[in-house]
Amino acid sequence: TQLLEQSPQFLSIQEGENLTVYCNSSSVFSSLQWYRQEPGEGPVLLVTVVTGGEVKKLKRLTFQFGDARKDSSLHITAAQPGDTGLYLCAGATSGTYKYIFGTGTRLKVLA
Amino acid sequence: DAGVIQSPRHEVTEMGQEVTLRCKPISGHDYLFWYRQTMMRGLELLIYFNNNVPIDDSGMPEDRFSAKMPNASFSTLKIQPSEPRDSAVYFCASSDYRDHGYTFGSGTRLTVV
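The listed protein sequences derive, respectively, from chains A and B.
Counting in my numbering, the first sequence runs from 258 upward without gaps.
Counting in my numbering, the second sequence runs from 37 upward without gaps.
Just chain B, with the same shape it has in the complex (with noise of 0.2 angstroms):
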């Protein structure tokens, strides 16, 4: 298996611009979770599904995040607009219940400017 796949790696945008981070879960695996790391604040969590449904996205910073997991291979997170306070290395993971081990992705780094 390839592992979690996301993409792009490396993201610089405009503040007030749309930006879509993609993530491809492994197969099988029916938890997805989407986290934040920063410096000042770490790995943050911020929303997680359950067979493509959202459990809990408390950590969800504001209205302008947003993610979705159309089928059980494929997640995205949606900033609109965004701002540089946003800037950080978000992860997707994805876990199977049975083992509880999450195995991550290698990110995507965005910077706002």
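Just chain A, with the same shape it has in the complex (with noise of 0.2 angstroms):
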């Protein structure tokens, strides 16, 4: 069974600080989705990445695939109070278009 471990599992920072999300995996993705929820919706997509090393920025987001495609993070740069909310990696492995998601990282941004 693939397992998508993320850490930190909760994170409380203030506004302005510099933080970064793991996601790690045995398992040898194909591509790998990272989303945001926030309370009451369902997970909004930020990016995907399918290629070992490849590195994606989003505004103050950056978002790297390990070289090995079997890892990857998420920094935020400057966290705002907006950032708040569970963040979900998810990968999907060769030949399957299903896709597994972590187990999340709760991040609180305070004001």
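What the hints contain is simulated information worked out from the structure, not anything from laboratory work.
C-beta atoms are modelled at their ideal positions from N, C-alpha and C, and glycine is treated no differently.
Mixed in with the good hints, there may be bad ones.
Here are some of the chain B residues that sit facing chain A, going by a computed Cβ distance under 8 angstroms [what the hints assert, rightly or not]:
no., residue
1, Leu81
2, Pro90
3, Asp92
4, Pro97
5, Phe101
6, Ala103
7, Ser142
To be clear about the criterion: a stretch of chain A counts as covered by chain B if any three or more of its residues have a C-beta under 8 angstroms from a C-beta of chain B, and this derived list gives those stretches [as the list claims (entries may be wrong)]:
no., region
8, 319 to 333
9, 357 to 363
Using the hints, put the two chains back together into the complex; each one sits in its own frame.
The structure is reproduced here in structure tokens:
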């Protein structure tokens, strides 16, 4: 069974601080996605990465896919209260189109 | 587009009753997924369809769960009989194979008492 472990599980920081969230697995993924989920809503896709070593930036968010395509990280620069939410990574292995979701990181940014 | 539409938003039912959750995917999307989310187990994939055909139902917990997709614009997830441990938020998502990104609905919060 594929398992995507995210760390930390919970994170509470002050506005303006930087943070990094990690997503690790023993499986190799053909693609990996990051989502953000707010209370009472479904997850919203932030980015998809498909190439080992790939780095993508979305404003203050930087996503990196590990060289071996087993892990990924999400770095947020100068966090804002609007970044508060549950961050989920999801990976799909080669030959499938189904994404398995990670355990999640619950982020709270205090004003 | 209105996005993925799920109904009802909330459902409270008694143990043993039949529950039907509904989903309307985004028009033109050829993949549809049903997920369940709980605090203990996170987001679990239950089943997914491609062009209305079930492709992988290995995540369906028991025979009490069934899902159908009679046409490209409608899917149902049925639980019969329901049990308290089925209480969770059930999400439907759809995707276009060319895009890979899932669009999730707002979910149905099911409480079985």
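We went through each hint and held it up to the structure:
no.	hint	result
1	Leu81	6 angstroms, holds
2	Pro90	12 angstroms, violated
3	Asp92	6 angstroms, holds
4	Pro97	14 angstroms, violated
5	Phe101	17 angstroms, violated
6	Ala103	14 angstroms, violated
7	Ser142	6 angstroms, holds
8	319 to 333	violated (count 0)
9	357 to 363	holds (count 5)
Hint compliance for this structure: hints 2, 4, 5, 6 and 8 are not met, and every other hint is.
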